[in-house]
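**Q** Sequence:
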Amino acid sequence: MPSDELVPSEKFVKKIIERDRRIFFKDYSDSQNSISEDSKIAEDNTSSYLNEYGNSKNQKTSEKPIIADFTEYNPLHKGHFHCMNVAKSKVPNGMFVAIVPGLFERSGRGVPFIMTRQARAKIAIEVGADIVVEGPPMGIMGSGQYSLCLAKMFKALNTDFIPRGYRPFEGYDEILERIANGHGIAPKPYKIVDMDTNEVLSKNKLEEDNYVIVSFSKSLKKIGFDFKNKFIFVKRIKGVSGTLIRKATETGNFSEVVDMLPPASIAILEDEIKNKMAPLHKSRDEATILNSANDLSFEELNALNLINDSTAEKIVEIRKKKSFESLFEIQDCISQGFSTHFKHRVLSVLEAKINKDVISNYIDNYPFTIRVLDYKNKDILEEFKDKINNNNRRIELWQ
Numbered sequence: 001m002p003s004d005e006l007v008p009s010e011k012f013v014k015k016i017i018e019r020d021r022r023i024f025f026k027d028y029s030d031s032q033n034s035i036s037e038d039s040k041i042a043e044d045n046t047s048s049y050l051n052e053y054g055n056s057k058n059q060k061t062s063e064k065p066i067i068a069d070f071t072e073y074n075p076l077h078k079g080h081f082h083c084m085n086v087a088k089s090k091v092p093n094g095m096f097v098a099i100v101p102g103l104f105e106r107s108g109r110g111v112p113f114i115m116t117r118q119a120r121a122k123i124a125i126e127v128g129a130d131i132v133v134e135g136p137p138m139g140i141m142g143s144g145q146y147s148l149c150l151a152k153m154f155k156a157l158n159t160d161f162i163p164r165g166y167r168p169f170e171g172y173d174e175i176l177e178r179i180a181n182g183h184g185i186a187p188k189p190y191k192i193v194d195m196d197t198n199e200v201l202s203k204n205k206l207e208e209d210n211y212v213i214v215s216f217s218k219s220l221k222k223i224g225f226d227f228k229n230k231f232i233f234v235k236r237i238k239g240v241s242g243t244l245i246r247k248a249t250e251t252g253n254f255s256e257v258v259d260m261l262p263p264a265s266i267a268i269l270e271d272e273i274k275n276k277m278a279p280l281h282k283s284r285d286e287a288t289i290l291n292s293a294n295d296l297s298f299e300e301l302n303a304l305n306l307i308n309d310s311t312a313e314k315i316v317e318i319r320k321k322k323s324f325e326s327l328f329e330i331q332d333c334i335s336q337g338f339s340t341h342f343k344h345r346v347l348s349v350l351e352a353k354i355n356k357d358v359i360s361n362y363i364d365n366y367p368f369t370i371r372v373l374d375y376k377n378k379d380i381l382e383e384f385k386d387k388i389n390n391n392n393r394r395i396e397l398w399q
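Using my numbering, the first residue of the sequence shown is number 1, and each one after it goes up by one.
No lab work stands behind these hints: they were computed from the structure. Treat the hints with caution; some may be incorrect.
[Unchecked claim] What follows is a list of derived Cβ distance ranges for each label pair:
hint, residue 1, residue 2, range
1, ILE237, LYS356, 37 to 45 angstroms
2, ALA180, GLU317, 44 to 52 angstroms
3, GLU325, SER9, 14 to 22 angstroms
4, LYS378, SER297, 33 to 41 angstroms
5, LEU397, VAL316, 42 to 50 angstroms
Ideal Cβ placement from N, Cα and C applies to all residues, glycine included.
Full structure from sequences and hints, please.
**A** Here's what the structure looks like:
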């Protein structure tokens, strides 16, 4: 690793994983304990870093429409900023709610985020979001699992509008029109199918942004959420390079990407770097991953989310000859999944150690808690609570 690269300590990363495991299992335990009861707000003094917020006493419902956007903001760049501004211009009286993942600080690709969700939420508020809520722990889930969680979050928020960035290509306009009209579109191997009519709309492979939209419509349809006329499709702007932004965060020199990032993103990134809390995207709790691969039994490995018999068997077989000493050795044992990012997700599962059955039950009750990471002001927070109070959701405020 070049000496000029900035990398927080593994101890800091381990602390995040351990803290988020406690939060995850508390959420999970609370949701399981309440299955037979009506959801209700209750004061909880067991977590020093969380403060619960209940519904306001005045049970009125805010008339502001909810504009909910799911984006990693890793970090928030001018493409994200453009999408936010387009949505706010189309719904000027709306409340912009950003859904930012999430526990364990791992992206949908299974790789670490550049900075914590608290820092990403702070940037979102600085550039114009009204509320930021915590999204699902997508890095330890399959794409179908976290897409379903997101759909359930949008339903829990009583979402009125959904802005999404897309990359145009021939034939995609028809797909977007179908989604705009409330059709679920299913991405299947080698074809894209309209769930309402069973028509094959395309046989082209979708780029990541476009795949996310299609997969999300499928999940929304699956849970019965009516999304007709809710989507605001925003053509992605050019001139933003994720590779250059990551390089800039590794060195702390943002001169080459100053036109790609809002000033707030750069300022908060620089502050996180100064406090040795970023960049995180090359940092894992390697000791825990190695211990999981070297010490867990076949049954324990096979019980973990995303790990199949083949992967568990190969890990056990290889370590009989020699204990794993690097993450690369472990990756070589992981079966190839449908996604090119599957191996990184499995590493995140070995890091967080969450079982398949726990994830399944967690998804069934998601989101039991809506955790507010940041907000514009107290009036906005009260309006937000009023807007979603009919669902009797448990609301917690991160502090």
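**Q** Confirm or reject each hint.
**A** Verification of the supplied hints:
no. : hint                                   : in the structure
1   : ILE237 with LYS356: 37 to 45 angstroms : 40 angstroms, holds
2   : ALA180 with GLU317: 44 to 52 angstroms : 51 angstroms, holds
3   : GLU325 with SER9: 14 to 22 angstroms   : 20 angstroms, holds
4   : LYS378 with SER297: 33 to 41 angstroms : 51 angstroms, violated
5   : LEU397 with VAL316: 42 to 50 angstroms : 44 angstroms, holds
Comparing the model with each numbered hint stated earlier shows that hint 4 is the single one that does not hold.
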